Each structure stands twice: as structure tokens, then as C-alpha cells.
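Number of protein chains: 2
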Amino acid sequence: MAAAAKEGGLGGAESTPSTPLATPVATPVSTRSVKWEKDVEDAAGALDRPLLHKRCTNTTSQMAVVGANTCPIESLDYEVVENEVYNQDWRSRGKLQIFQYQALKWALALFVGLVVALVGFFNNIAVENIAGFKLLLTSDLMLKDRYMMAFVVYIGCNTTLAAAAAALCAYVAPAAAGSGIPEVKAYLNGIDAHSILAPSTLLVKIFGSVLGVSAGFVLGKEGPMVHTGACVASFLGQGGSRKYGLTWNWIRYFKNDLDRRDLITCGAAAGVAAAFRAPVGGVLFALEEVTSWWRSALLWRTFSTTAVVAMVLRGLISYCRGGHCGLFGKGGLIMFDLSSRQATYTATDLAAVMLLGILGGLLGALFNYFVDRILRVYSLLNEKGARSKIILTVTISVITSCCTFGLPWLTSCTPCPPELAGKCPTIGRSGNFKNFQCPAGHYNALASLFFNTNDDAIRNLFSAGTDREFGVATLLTFFVTVYALGILTYGVAVPSGLFIPVILAGASFGRLTGSLVGSISGLDTGLFALLGAASFLGGTMRMTVSVCVILLELTNDLHLLPLIMLVLLIAKTVADCFNKGVYEQMVRMKGLPYLEVHAEPCMRSLVAGDVVSGPLITLSSVERVGTVVETLRHTGHNGFPVIEEPPFAAAPELCGLVLRSHLLVLLQGRIFTRGRAKASAAEVFRTLAPFDFAKAGSGKGLKVEDLGLSEEEMDMYVDLHPITNRSPYTVVENMSLAKAAVLFRGLALRHMCVVPMTQGRPPVVGILTRHDFMPQYIRGLYPNTIPR
Amino acid sequence: MAAAAKEGGLGGAESTPSTPLATPVATPVSTRSVKWEKDVEDAAGALDRPLLHKRCTNTTSQMAVVGANTCPIESLDYEVVENEVYNQDWRSRGKLQIFQYQALKWALALFVGLVVALVGFFNNIAVENIAGFKLLLTSDLMLKDRYMMAFVVYIGCNTTLAAAAAALCAYVAPAAAGSGIPEVKAYLNGIDAHSILAPSTLLVKIFGSVLGVSAGFVLGKEGPMVHTGACVASFLGQGGSRKYGLTWNWIRYFKNDLDRRDLITCGAAAGVAAAFRAPVGGVLFALEEVTSWWRSALLWRTFSTTAVVAMVLRGLISYCRGGHCGLFGKGGLIMFDLSSRQATYTATDLAAVMLLGILGGLLGALFNYFVDRILRVYSLLNEKGARSKIILTVTISVITSCCTFGLPWLTSCTPCPPELAGKCPTIGRSGNFKNFQCPAGHYNALASLFFNTNDDAIRNLFSAGTDREFGVATLLTFFVTVYALGILTYGVAVPSGLFIPVILAGASFGRLTGSLVGSISGLDTGLFALLGAASFLGGTMRMTVSVCVILLELTNDLHLLPLIMLVLLIAKTVADCFNKGVYEQMVRMKGLPYLEVHAEPCMRSLVAGDVVSGPLITLSSVERVGTVVETLRHTGHNGFPVIEEPPFAAAPELCGLVLRSHLLVLLQGRIFTRGRAKASAAEVFRTLAPFDFAKAGSGKGLKVEDLGLSEEEMDMYVDLHPITNRSPYTVVENMSLAKAAVLFRGLALRHMCVVPMTQGRPPVVGILTRHDFMPQYIRGLYPNTIPR
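For the protein sequence lines, the chains are A and B, in the order given. Note that my numbering gives residue 551 to position 551 of the first sequence, counting from 1, and the numbers run on in steps of one. Note that my numbering gives residue 254 to position 254 of the second sequence, counting from 1, and the numbers run on in steps of one.
One thing to keep in mind: the hints can contain errors.
Said to hold, decoys possible - No more than 30 Å apart at the CA atoms, straight line, and that leaves these computed lysine-lysine pairs for BS3-like:
no.	chain 1	residue 1	chain 2	residue 2
1	B	Lys678	B	Lys703
2	A	Lys105	B	Lys580
3	B	Lys703	B	Lys255
4	A	Lys95	B	Lys580
5	A	Lys580	B	Lys105
6	B	Lys95	B	Lys105
7	A	Lys255	A	Lys95
8	B	Lys255	B	Lys700
9	A	Lys105	A	Lys255
10	A	Lys384	A	Lys700
11	B	Lys95	A	Lys580
12	B	Lys255	B	Lys95
Stated by the list, open to error - From the derived model, a few chain B residues whose C-beta atoms are all more than 12 Å from chain A:
no.	residue
13	Asp145
14	Leu362
15	Leu366
16	Pro417
17	Gly636
18	Gly656
19	Leu709
Said to hold, decoys possible - Distance ranges between label pairs, derived from CB positions:
no.	chain 1	residue 1	chain 2	residue 2	range
20	A	Gln668	B	Ala649	46 to 54 Å
21	A	Leu380	B	Arg686	54 to 62 Å
22	A	Arg588	B	Gly94	27 to 35 Å
23	A	Ile520	B	Ser318	19 to 27 Å
24	B	Val377	A	Ser92	43 to 51 Å
25	A	Leu380	B	Cys577	58 to 66 Å
26	B	Gly465	A	Pro415	38 to 46 Å
If you are wondering where the hints come from, they were derived from the structure by calculation, not from laboratory data. The model shown is predicted, which means the values in this text are computed figures rather than measured ones. For each residue, glycine too, the CB sits at the ideal point set by N, CA and C.
The task is simple: from the sequences and hints, build the whole structure.
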């Protein structure tokens with residue numbers, strides 16, 4: 001099996017050996033037949049999802065439904081290209097400059113923390129004030145028994161806010177819709193989807209999230225905060241705009257994918273830290289869920305970023321406690337103080353908790369399944385254009401409003417507990433025990449959950465010592481509604497996080513279970529709510545350590561740790577039997593070429609040579625300008641092997657790898673010679689500055705059309721030595737593909753050269769890119785040998 | 001510079017091309033002149049520390065002073081050797097067996113947690129009872145005014161316990177001395193120092209730690225718990241003893257370095273979790289400090305292990321609360337409940353905390369410096385034999401006893417605070433407010449710190465609302481004494497952790513600072529003590545996230561998080577300006593060939609070919625038995641490149657890499673043929689079982705002397721194909737050495753083949769091992785080109 005596959009793959013490469021001196025490619029070559037570095041043009045097309053591929057031809061970005069426009073995908077290159085130019089630049093720096101570089105790196109990370117904290121704070125204040133105002137307005141009308149008017153106002157506010165959010169997303173930045181965590185996860189895996197971290201996305205994410213949460217949807221601002229954090233980091237890492245002169249020369253040291261990746265990791269962690277006020281949880285979330293690579297230095301820097309977030313938020317909140325922030329009181333920035341719970345539990349309690357874990361795992365897996373289905377349905381609707389997106393969003397908003405306003409009418413009024421005199425019902429302010437339509441001294445239990453912000457509803461569910469506040473029927477109604485609305489809402493075109501729906505559903509389910517088993521278990525129902533939330537989080541997101549720490553930081557009671565851990569372990573294990581985590585599922589669904597930790601089993605029976613196909617286009621170390629230009633023009637490839645040839649070497653040998661972007665910069669610098677002659681890095685720097693070689697932002701940078709070279713220049717020669725990466729990572733062609741994949745992901749590469757096993761062959765026989773490790777692509781090459 | 005270096009290095013390799021058919025090496029070759037896979041015999045010798053190297057020739061294991069006998073060091077091989085035998089074995093397994101494998105992996109991890117929790121619990125009960133009994137006995141005598149007798153009893157108990165601990169370490173398991181964290185760190189970096197995880201080490205570590213802590217030394221049981229956890233994991237991962245028939249066949253799947261590494265990571269995390277009752281802290285400690293590689297699957301499994309630890313400990317402690325555990329009350333298993341502290345702080349408080357961070361960083365760096373110095377002095381003393389070790393230990397014990405018993409006499413008695421009537425002084429039981437020589441109604445502040453177990457002293461220092469309990473003079477005396485004793489104690493031959501001395505010194509320093517700045521800062525002195533401990537931990541160990549989480553789990557108050565983070569960040573940053581973390585320093589000092597995350601700058605100007613030197617000994621894919629045996633006999637190398645030659649290939653090509661251990665197994669199986677013929681994996685399995693190829697424990701396994709082949713057999717041929725790893729990781733010889741180092745460490749390799757850049761050379765020109773990336777070795781090769 002393996003042998004047959006091998007021959008098929010290598011045969012192609014061998015029958016079309018690369019010409020030692022690259023011949024100009026006269027006609028545009030089809031990306032399907034010429035294969036090597038085509039991750040620019042067909043990374044998405046390589047995947048077997050024609051639906052997504054078709055959508056890519058349409059420019060109205062219908063993919064926004066699932067949060068991003070997947071069309072132009074580019075791979076990121078986390079390998080530092082240590083060519084002569086780079087080395088010369090580094091060598092020329094003094095100790096002071098290196099210190100500056102280090103200091104600046106830290107300053108940037110801390111600054112990201114500051115900005116993310118401010119954004120998170122703004123977000124919370126805005127939501128609390130808008131949603132609070134809306135609820136107060138409605139409550140006032142309810143108090144005056146003008147129920148119909150109250151409903152009209154309520155639904156009017158909600159639909160207006162929802163429509164505004166959807167319009168922002170649909171017209172300005174489609175990439176801002178959805179959670180954003182899958183996209184950040186993909187970015188940190190090395191996939192740069194178009195405009196996913198653009199400034200417009202950032203703005204729409206912030207304001208769209210405020211509007212969406214205020215509109216009363218069953219969605220959270222936590223996922224969007226992660227995306228926001230990543231966008232802020234990306235924006236600050238750009239060092240301002242070159243166009244408006246707002247840049248510094250030294251920021252060029254950060255203009256590479258590696259430093260950007262590190263900063264964006266910090267930003268994502270800061271986002272979690274700001275959303276949950278959980279600095280350690282933020283670091284762990286970044287580590288466990290978001291990043292694909294990790295360095296110990298990063299732990300330290302990420303930690304500093306989240307520490308800044310925690311401290312700034314703390315300061316701002318204590319300022320707000322003085323009543324300077326409108327309706328923003330103890331609400332917002334969820335922090336549930338559950339301390340002083342009982343710290344002992346019996347075997348029966350443990351059994352109840354285990355049951356909760358199992359059920360949470362099952363319901364979590366089911367949630368993922370439904371989310372996947374609904375996203376596929378919505379993507380068809382959203383494909384029809386921006387208007388269709390807005391209509392869908394408004395429809396869901398109306399359904400949500402009807403549920404939250406209508407369902408409380410089904411329940412009868414409950415008399416206030418006598419010990420809470422003065423605190424129940426809460427009239428004319430946000431809080432527990434909503435009176436809704438009830439007479440004085442009574443409250444509506446369902447309204448206390450529905451007719452509230454999500455944060456307040458969670459706080460109510462988690463509250464301790466209130467075993468009798470919510471009945472079984474109330475909790476069941478709320479759970480079913482929230483579970484269904486959570487699934488229905490996720491696909492709409494507003495920034496929407498999954499944490500809050502999952503926590504809401506989990507907490508109500510947990511409290512429900514607690515009420516049902518109350519006779520045999522001595523645990524508080526509030527604690528059951530917390531454990532229910534943990535089980536749902538474990539069941540949908542499949543995170544363990546980070547969810548655990550986030551919940552601990554939210555509740556501030558470490559005595560709960562063993563129970564939370566137990567329930568998470570069980571829920572994750574159960575759910576893993578059915579499907580993948582919700583974020584992984586979404587990454588797959590969006591067709592992003594994500595590199596998994598483990599290579600597919602089918603790759604074990606293949607070797608590296610099996611997936612590279614010819615003809616391989618290489619460049620000579622001193623190449624004719626015209627050849628280079630033609631090569632760049634007629635291929636979309638991003639990296640080209642450079643071959644050292646006579647007279648510079650006795651026999652053709654692999655000189656290294658050159659990047660398209662560097663080639664374009666060098667050509668624009670016009671460092672040409674009449675004959676074949678070498679140039680040094682110093683000569684390059686006579687015309688060009690190191691800054692010129694810095695990697696431009698996503699979708700920017702020189703294009704081959706911008707060069708405008710004359711006929712005479714086309715006949716001259718250009719020396720590629722100064723810009724050639726002399727140490728590209730290589731594998732021998734008979735290397736197991738599975739091991740090559742481990743290497744590729746482990747080192748976070750974009751290109752990997754394949755060198756021949758035997759003598760008498762060209763010094764490089766192919767290039768492996770991300771594309772070549774995609775199971776779909778491999779299955780396309782070997783449909784018979786690889787089942788499934 | 002680079003060019004010169006390159007020629008020098010490659011010249012050697014080129015002038016002595018490897019013979020296609022390995023010629024038998026007739027005479028033992030010097031490991032200095034023949035270089036490729038010599039990590040067995042001279043990994044330690046490769047380092048430029050003749051002191052350590054000299055010690056290795058001595059068999060009395062004098063290295064025990066620094067915790068391990070570094071002599072026989074072997075590299076670990078974390079690459080799964082996917083040869084035909086392995087693949088055949090895997091393919092033959094059913095789904096059930098794969099499920100069994102997965103389930104067993106989990107069961108083992110959870111079982112490790114259970115055992116470590118039990119060991120940790122035993123450890124604490126034993127210490128609390130022995131030390132408690134000793135203190136009660138002395139206190140009783142003090143109450144009767146028999147001070148001299150009390151001193152004699154006190155010092156007698158201490159020296160006896162100390163001598164017993166030292167004797168255990170000196171005679172039974174020298175590797176058990178010291179903290180053990182550096183050795184575990186080195187093991188997880190891929191260095192297997194002899195007997196570091198042996199069962200005898202485990203036993204001595206447990207009992208030696210109990211005796212040492214009970215003896216009143218200024219040392220902790222936390223570091224040893226980490227080592228204990230690793231030992232437990234290693235022991236359980238062996239699957240019992242083959243010698244006594246206590247093994248299962250399926251445990252062979254875990255008999256490889258990769259699975260062992262994962263299990264030992266779980267064990268180390270479990271150790272921290274058991275020591276501090278900090279499950280999340282344990283995971284983070286393993287991630288941040290101990291391991292060199294991390295996989296997300298591991299996070300999840302490690303977390304489960306520590307969850308088991310937390311739950312088991314919780315159950316056992318609640319059992320003990322019923323008074324079933326002797327003197328073990330609320331003491332032991334330190335848990336400081338600092339909740340209900342004030343949660344607000346001013347700018348002045350922040351300034352005071354920052355000052356504390358700076359001073360903590362400075363004093364921490366100084367601590368590391370002194371520990372390094374004292375270890376060097378002690379290593380000279382300990383070199384003289386076991387008796388010398390015991391004498392040193394007893395001397396330090398006497399000094400400690402004199403300090404702890406004598407210094408309290410210098411201080412005058414303090415009247416008990418009136419509100420604590422009945423609780424002060426604590427007579428006849430362990431606790432705060434020791435009366436010592438004081439009359440009724442008074443207590444001796446210094447005795448409350450000195451004349452107590454370390455855990456109780458820390459609890460006193462951390463206690464809130466007791467601003468007046470300890471005066472400035474008391475705290476200063478205690479701080480200076482503990483700081484000095486902590487340094488003096490670390491090198492003695494007992495299992496000794498650094499956490500407790502550092503926390504003690506830091507807490508007293510913090511409380512001292514708190515007392516001094518009390519007028520301008522409103523923070524509690526107990527909180528200052530906690531922050532002081534954090535600053536010292538940051539300053540010595542340079543951990544951030546894990547220390548932070550451990551302290552949070554110890555104190556159970558998340559409101560302290562921002563302050564702890566701030567102080568840790570400052571302390572680490574300050575201390576990093578002076579020296580390395582204490583564990584890294586010890587790894588270096590022990591001469592363990594540790595692979596750092598970042599390649600040394602000097603490696604940037606070298607290429608892979610520069611450090612490999614000839615002659616390279618290779619084997620043919622079907623080789624004469626005699627040649628194989630001779631090669632094995634006369635080299636200590638662990639991996640040999642296998643060359644495919646005519647008639648099996650048109651031209652010589654790299655077939656793969658074969659391991660010494662596999663060669664020995666194959667030879668012992670006597671799967672020989674008269675002529676050059678191929679054998680399949682199935683044929684191998686007719687004689688051998690897959691179990692036979694499982695990696696034996698450290699220092700075990702077949703030796704070439706055990707083979708006993710006849711003359712006739714020596715002239716036969718053996719086919720190496722079934723045991724050859726067909727996909728060894730390779731680099732091209734002109735690959736930058738720095739990048740090769742990143743690759744080597746990133747993939748956790750033991751061997752890396754160097755392939756030629758140009759045509760007409762042998763298919764493999766050298767092998768890189770851990771040894772070749774050691775800065776000392778490189779500096780030895782290129783003394784002129786690389787400064788420092």
C-alpha cells in the first residue's frame with residue numbers, strides 16, 4: 001500500500017526534474033497542476049468543501065455568518081529568516097539597541113494589557129448602562145400596568161440594537177461576527193485569514209458586541225473580548241501607520257510573524273483576563289485553547305499582560321464604586337463571590353456531582369452538534385447578502401424578546417422571603433427578585449432570570465442560601481429556553497460569545513439537578529449551579545485547566561476546586577466520545593487549514609516525497625531579472641528554492657530558500673549587475689534599509705505589478721545570496737509524512753524543503769507547505785489507499 | 001569567522017570519509033578522537049568542569065552532596081522509533097488493545113496521583129508527630145525550669161534524627177540528597193543520570209525527608225516531594241519487576257522514554273500538588289519549571305493526576321480532623337487561610353510593595369550566589385566519603401539547634417495580648433505564642449518562630465491582625481538567622497527542599513518591611529509577609545505563574561492576586577540581572593548536559609557540519625554479525641546510521657538509524673542467514689516478542705558481553721531492516737547549528753543525522769547528539785573563534 005502510493009507520488013517528481021536554471025514560465029500555470037507553494041491562492045480551495053470554495057468567489061463576504069471571510073488565506077511564517085541581510089542588520093546593532101528591543105517588547109505587551117483592560121471596561125460600562133436603561137424603562141411601564149406598551153418598548157429597543165449590530169457586521173466588517181476565538185486559534189496556528197485582525201474588525205467587534213449584548217440576546221461578550229484582545233495586539237504591534245507617518249523605525253524588529261504571534265497571544269490572554277477578571281485563567285486559556293506553540297518566555301510575558309489587566313480593572317472598578325459610572329454598579333465584569341460555602345461533602349454528594357458531569361458532557365456534545373447544524377443552515381441564508389443577515393438577526397432578536405418577555409407570564413407570583421424585607425422585589429433597579437407583573441411583596445421567579453442581563457441571571461443562579469428562590473418548573477423552562485436560544489443565536493451576524501449561553505444553560509441545569517436531588521445531597525443548589533456550568537463548559541469547549549481556573553477566579557473559593565475538577569474531567573471525557581470541541585469544530589467548518597497536533601494515521605504509510613508534485617520551479621543564486629519577474633508573475637508561490645550553480649559551486653547544490661516578499665523588495669531596489677556577479681548585504685543596504693524587508697501587514701506589501709522594470713533591466717542579473725535563507729529546514733524525501741508533519745508543526749514552518757535520498761538528483765526535489773499536510777489533500781491524491 | 005570555523009570543522013569530516021561498509025574497529029577508540037554517538041560515556045566529560053569529571057571516576061558517589069551522582073549519564077530518546085518491528089506490533093493490535101492502552105495510560109496517571117497523595121500524607125503525619133513529640137518533650141522540661149536538660153534533649157533529638165537521615169543518604173542512596181528538582185528537570189530535558197529515579201532513591205527520599213524535616217533543619221519537604229512524585233511515577237511506569245515475575249505483557253507499550261517522560265511529568269506535578277495542596281499550582285509548576293517539552297494532552301492528564309491528589313488528601317485530612325492522626329492537627333500540609341483581608345490599597349501601598357519586590361529580587365539573587373558557593377565548598381568535604389557527609393550534617397544540625405534554642409534567650413518576654421486570654425501562651429501543645437522561658441501570661445516572640453515547626457512559623461508570620469506580635473528586632477534576628485541557615489543547610493546530605501527556607505526568609509523579611517513602613521502603608525503585616533515570601537520565591541526560583549498560583553492556593557484569597565503578581569514580576573526582573581534561577585544554576589553545577597531553550601549566540605556562526613567529526617562508523621543494511629559485534633564492543637555509541645548498499649540499492653543511500661539496544665536484542669535472537677538476505681518483521685517475531693524490544697530501565701538491558709556468539713555465527717549475516725528507524729530526522733550539513741539545536745530540542749531527539757550538501761559524498765556524513773550542542777564542547781573545538 002505504502003509502496004504503491006510512494007511510486008505514484010515520486011514518479012511525478014522524477015519524470016519532471018527541475019531545470020538547474022529556472023526557465024521563465026511563459027504562460028500562467030494552473031495552480032492545480034503546478035504544485036509547490038500555492039498556499040496563497042488555494043489553501044481554501046484545497047479543502048474538500050465546495051460550498052466554502054464557491055463562496056470565496058463572491059465578494060460580499062457571506063462567510064461572515066460563521067465569523068470570518070475565509071477567502072484569502074495566507075500562511076504565516078514563524079521561522080525567522082536568518083539571511084545575510086538580517087544578520088547584517090542584527091550585527092550592526094549595539095547593546096543599547098538590543099536592550100531597547102527587549103524593553104520595547106515588554107512595553108508593548110504591558111501596553112496591550114492596558115488597552116485591553118480599558119476596552120473591556122468600556123464594554124462593560126456601555127452594556128450595563130444601555131441594557132440597564134432599557135430594563136428600567138420597561139420596568140417603569142410595567143409598574144404602571146402598561147404591559148402592552150412595555151412590551152413594545154422592550155421589543156423595540158432590542159430589535160433596534162440588534163439591527164444596528166447586524167448592520168455594522170454586515171456592511172463594515174463581516175469578520176467581526178461570531179466569537180472570533182476560532183479565528184484567533186487559527187491565526188496562532190499559522191493561518192492568516194483576510195482582515196481577521198484588521199482595525200475595522202476591531203472597531204466593529206467592540207461596538208457590535210456592546211450592541212448585541214445590550215439587545216438581550218443569549219450571547220456573551222467574553223469570546224469577542226478574546227478577539228478584541230488579539231486585534232488590539234495586532235494593531236499595536238504594527239507600530240502605527242506608515243501611510244500617515246505614524247511609525248518608528250525600530251518597530252521594524254517586530255514586523256515579523258513570530259513577534260506578532262507572541263504579542264497576539266498576549267492580547268488573547270488579556271482578553272480573557274478582562275472578560276472574566278481572571279488573570280491566571282487568561283494565561284491558561286491562551287495556553288490550553290488558543291495557541292499552537294508555546295515558549296516558556298511567553299508564559300512570563302503573557303502573565304505580565306494579564307497582571308496589568310487585572311490591576312487596571314481593579315482600579316477602575318473601585319473608582320466606579322463611587323457611583324461615577326452610571327448604572328454600572330456591582331454588575332458587569334462578572335465576579336461571583338461564593339466564599340463561605342460548606343467545604344465538606346459526602347459520597348452521595350460526589351455521586352450527584354458525577355451524574356451532573358455525565359449529563360453535562362452529553363448535553364454539551366449535543367449543543368456542539370446543534371451549533372454545527374444551525375451554522376450550516378444560517379450560512380446558506382447569510383450567503384444572500386447583507387440584508388438577509390440583518391433580517392435573520394432581527395428575527396432571532398424578536399424570538400428572544402418574545403421568550404424573555406412572554407414566558408414569565410406563565411409563572412405565578414411567589415411571595416418574597418420574609419427575611420429579605422426591603423430587598424425583594426427589586427423595583428426600579430437592576431437586581432434579583434424582579435417584580436415584573438406581580439403585586440407588592442411578590443416576585444416573578446422566571447422574570448428574575450429572563451428579565452435581567454445575562455450576568456445578573458448567572459449571579460442569581462449561582463447565589464448561595466437561596467434554595468427556594470427558583471422552583472423546578474421555573475428552572476426547567478429557563479434551561480430549555482436558554483439552551484435553544486443559545487444554539488439559535490450563535491450563527492447570527494453579531495459578535496457573539498459562547499461562554500455566557502453555555503454558563504447560563506449549565507447553571508440552570510445544575511440548579512435544576514440540585515433541586516431534584518436536594519433530598520439526598522446536602523450541597524447548596526447554588527453550588528450545583530456552578531458545577532453545572534463547569535460541566536457544560538467542559539462538555540462544549542473541552543477545556544479543563546483553564547475553565548477550572550476561570551471558575552475559581554470568578555467564585556473566589558478554592559475549596560470548590562476538587563469538585564470542579566471532577567465534574568470537568570467527567571464532562572470532557574463523556575463529550576469527547578461524540579464530537580470535537582466547539583472551537584475546533586468551527587475551525588474545521590470554516591475550512592481553515594488547521595494543523596493538528598497529531599498527524600492523521602494515513603500519513604504514517606506515506607513519505608514526504610509522496611505529496612510533493614512537480615515541476616518544481618527553482619531560482620539560481622544569481623538569476624536573470626526577467627526570469628525572476630516571470631516566475632513571480634506566473635505563480636502565486638511564496639517561497640522558491642535557490643540553487644547554487646557553477647561557477648559559484650562545483651555542482652548544483654541547495655543554497656537556500658528565498659521569499660517572494662524579499663524578492664520583490666530586492667527587485668524594486670534595482671540592485672542589478674550586467675553579468676553574473678555576487679552582491680553583499682552591505683551593497684544591498686546602500687540602496688535599501690532593513691525596514692524595507694520587514695514583513696508588511698496582512699494583505700499589504702509590494703506586488704509584482706508595482707515594479708515597472710525596463711526591458712534593459714530585465715536582461716540584467718540579480719544576486720539572491722543576501723536575501724536567501726541559507727538554513728531552511730529540510731527533510732529527506734523518504735521521511736515518513738507523519739514525522740514531517742510533526743516537524744512542520746513543531747517548528748511552526750511555512751516551507752520545508754525536500755532533499756533527495758539518492759545521488760544524481762537535483763539538490764532539492766520539492767517543497768512541503770501547510771497545504772500538503774491537509775488530510776483532504778492527501779485523500780485527494782490517494783483516494784484508494786486511504787480509507788474514510 | 002564563520003567561514004574559517006566551517007573549514008576547520010568540515011575538513012575533518014571530509015578528510016576521513018566514512019567507509020561505505022563499516023570496517024570492524026579492532027582497538028578501543030578514544031572517545032575524544034572518535035566522535036559521534038558518545039553520549040553514554042562522556043556526556044559529563046564533555047563539560048569543562050574537571051572537578052566534576054574527576055569525581056566521576058570515584059565510585060563512592062560523592063556528588064551526593066549536590067543531590068545526584070552524575071557519573072553514568074545517558075541521553076533519553078523521546079523519538080518513537082517507528083521501525084518495521086514497531087509498526088508490525090502496532091498493526092497486530094485490535095481496537096480493544098488500543099483502547100486498553102489508552103485506558104491504562106490514564107489509570108496509571110491517576111494511580112500515580114493516589115500513591116503520591118498517600119506518600120505526601122504519610123510524610124506530613126510522620127513529621128508532625130516526630131517533630132511535635134520532640135517539641136513537647138522539650139517544652140515539658142522547660143516548664144519545669146530544667147533548661148539545661150531541655151537543651152540536651154532538644155539537641156540530642158535533632159542530631160540523632162539528622163545523623164539517621166544523613167546515614168540513609170550517604171550509604172543507601174546518595175542520589176536522594178538535595179532537592180531533586182534539578183535532577184527531575186534534567187530528566188525531563190532528556191538526561192538520565194544514574195539511579196536518580198531508582199526505588200532505593202525513592203525510599204531514602206521519603207524517610208530521609210521525614211527525618212531531616214523532623215530534625216529541625218531549615219529545609220522543606222516540598223522539593224523532595226517533587227522528586228518523590230517523579231520516582232513513584234517512574235516505578236509504577238516500569239510495571240513491576242520482571243525478575244520476580246511481577247509484570248504484565250501489555251506494560252511493554254509504556255516501556256519507552258516518551259511514555260515514561262509523560263508519566264514522570266504527572267508525578268512531578270502530583271508531588272507539588274501533594275506538598276502544597278495546590279493542584280493547579282502543581283500543573284503549572286510542572287509546565288513552567290520542570291518540563292522541557294509540553295503537549296496539550298499532557299496538560300489534561302497532569303491535571304487529572306493532581307485532581308486525584310487534591311481529593312485524596314482532602315478525604316484523609318477530614319479523617320484526621322477527628323483526631324485519628326496523633327499530633328497531626330491543623331498543622332502540616334500547609335494551608336494558610338488569609339481570607340477576609342482588606343481588598344483595597346493605595347498608591348503608597350503599591351510603592352511599598354514595589355520596594356519589597358526590588359529588595360526580594362536582590363536578596364534572592366544573593367541567596368542563589370551563596371548557595372552556589374556553599375555547594376562548591378561542601379562538595380569538597382563530601383568527596384571524602386560517607387562519614388564525612390554525616391559529620392557535616394551533624395555539625396549543621398548542632399549549629400541549627402544552638403540558634404533555635406539559644407537565640408530566643410536574647411529576647412525579653414512579651415505580655416500576652418489581653419484579647420487572647422486562654423490562647424496565649426501556648427503551653428503543652430504546638431502553636432503560636434510559645435512561652436519558652438517566660439512566666440505565665442507572657443510569650444517569647446523569637447521562640448514562637450524558632451521553637452516551632454517550619455510550617456507553624458510560616459503560619460505565624462502570615463497571620464493577619466497580629467501587627468504587634470513580633471517586634472522589629474525579633475523579625476530581623478529571625479530573618480538573618482533563617483537566611484544564613486537556609487544557605488548553610490542546603491548542601492548537607494539529606495533530602496532538602498528550598499521552598500520552606502525561602503518562604504521563611506521572605507516572610508520574615510516581608511513582615512519586617514511591613515513593620516518598618518507601617519506608618520505610611522495601611523496593609524497588614526501578615527500580607528507583607530506573604531508578599532515578602534512571593535518576592536523571595538521570585539528572586540530565587542524565577543518562577544512566576546506557578547508560584548503565584550501556589551501562593552493563591554495556599555492562602556485561598558484571590559484578591560491578593562494583583563499584588564502577588566506585581567511583586568513576582570519585579571523580583572524576577574531584578575534578580576535576572578544578576579544570575580540564573582537556583583534550579584538552573586544547580587543543573588549547570590552538576591554538569592548535566594542540559595539543552596537550553598535558546599541556542600548560544602556562538603552557534604549562529606557555525607553550521608552542523610562544523611561540530612561533527614570523523615570517522616563515522618556506519619553499518620550496512622545487511623551486515624556481517626562479526627562486524628556488528630565488533631562495532632558494539634569497541635564503541636559506546638548508541639545509534640548507528642544504516643546504509644543501503646548494492647545489491648539492495650543502485651547506489652549507497654541512507655536507510656535509517658539503528659539503536660544499540662535493538663541491535664543487541666536482534667543479535668541475541670540469532671536471526672542470522674548464511675548469505676546476504678533480507679528478513680521481515682514477521683520472521684523476527686518468530687523468535688522474539690515485541691516485548692523484547694521495549695526499552696529496559698535505566699542501567700539495565702542487554703550488554704554485548706552477554707551475547708556469547710560462536711565463531712560460526714560471527715561469520716553469518718544479520719538483516720537490520722526490521723529494526724532500522726527508516727525516518728530519522730536529518731539536517732543538511734550546512735544548516736546553521738543554532739537552528740539544528742532548536743530542532744533537536746524541539747523534537748526531543750537523541751540522534752540527528754547530518755546529510756551531505758553536495759553530490760558524490762556518502763549519504764550520511766555525521767550524527768549530532770546532545771553532546772554536540774553543549775557550549776563547552778563547541779568552545780573546545782573553536783577556542784579562538786568563539787570568545788568568552
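Here is what the structure says about each hint:
As the CA atoms of lysine 678 of chain B and lysine 703 of chain B are separated by approximately 25 Å, the hinted pair is consistent with the 30 Å bound. As the CA atoms of lysine 105 of chain A and lysine 580 of chain B are separated by approximately 21 Å, the hinted pair is consistent with the 30 Å bound. For the proposed pair lysine 703 of chain B and lysine 255 of chain B, the alpha carbon gap of about 18 Å is at most 30 Å, so the pair holds. Restraint check for lysine 95 of chain A and lysine 580 of chain B: satisfied, since their Cα atoms lie roughly 20 Å apart, inside the 30 Å limit.
This hinted pair checks out: lysine 580 of chain A and lysine 105 of chain B have alpha carbons roughly 21 Å apart, not beyond 30 Å. This hinted pair checks out: lysine 95 of chain B and lysine 105 of chain B have alpha carbons roughly 15 Å apart, not beyond 30 Å. Under the criterion of a C-alpha separation no larger than 30 Å, the hint pairing lysine 255 of chain A with lysine 95 of chain A is consistent with the structure, at around 20 Å. Simply put, lysine 255 of chain B and lysine 700 of chain B have alpha-carbon atoms about 12 Å apart, close enough for the 30 Å limit, and the pair holds.
With a C-alpha separation of about 12 Å, the suggested pairing of lysine 105 of chain A with lysine 255 of chain A holds against the 30 Å cut-off. For the hint linking lysine 384 of chain A to lysine 700 of chain A, the alpha-carbon distance of about 29 Å falls within 30 Å, and the restraint holds. This hinted pair checks out: lysine 95 of chain B and lysine 580 of chain A have alpha carbons roughly 20 Å apart, not beyond 30 Å. This hinted pair checks out: lysine 255 of chain B and lysine 95 of chain B have alpha carbons roughly 20 Å apart, not beyond 30 Å.
Once the 12 Å rule is applied to beta carbons, aspartate 145 of chain B is consistent with being away from chain A; the minimum gap is 43 Å. In this structure leucine 362 of chain B is separated from chain A by more than 12 Å, as the shortest Cβ-Cβ distance comes to about 19 Å. The claim that leucine 366 of chain B is not at the interface with chain A holds, since no C-beta of that chain comes within 12 Å of its own (minimum 22 Å). With a least beta-carbon separation of about 26 Å from chain A, proline 417 of chain B lies farther than 12 Å from that chain, consistent with its non-interface assignment.
The claim that glycine 636 of chain B is not at the interface with chain A holds, since no C-beta of that chain comes within 12 Å of its own (minimum 27 Å). Interface exclusion of glycine 656 of chain B from chain A breaks down, the closest Cβ pair being 9 Å apart, not more than 12 Å. With a closest Cβ-Cβ approach of about 32 Å to chain A, leucine 709 of chain B is found to remain outside the 12 Å limit, as its non-interface label requires. The given range of 46 to 54 Å is respected by glutamine 668 of chain A and alanine 649 of chain B, whose C-beta atoms sit roughly 48 Å from each other.
Distance hint for leucine 380 of chain A and arginine 686 of chain B: a CB-CB separation of about 59 Å, consistent with the stated range 54 to 62 Å. The hint said 27 to 35 Å for the Cβ distance between arginine 588 of chain A and glycine 94 of chain B, and at roughly 29 Å that hint holds. In this structure, isoleucine 520 of chain A and serine 318 of chain B meet the distance hint of 19 to 27 Å, their C-beta atoms being roughly 20 Å apart. Taking the beta carbon of each, valine 377 of chain B and serine 92 of chain A are about 45 Å apart, inside 43 to 51 Å as hinted.
Our hint of 58 to 66 Å for leucine 380 of chain A and cysteine 577 of chain B holds, since their Cβ atoms are close to 60 Å apart. For the hinted restraint 38 to 46 Å between glycine 465 of chain B and proline 415 of chain A, the CB-CB distance of approximately 42 Å keeps it satisfied.
The structure shown violates just one earlier hint, number 18.
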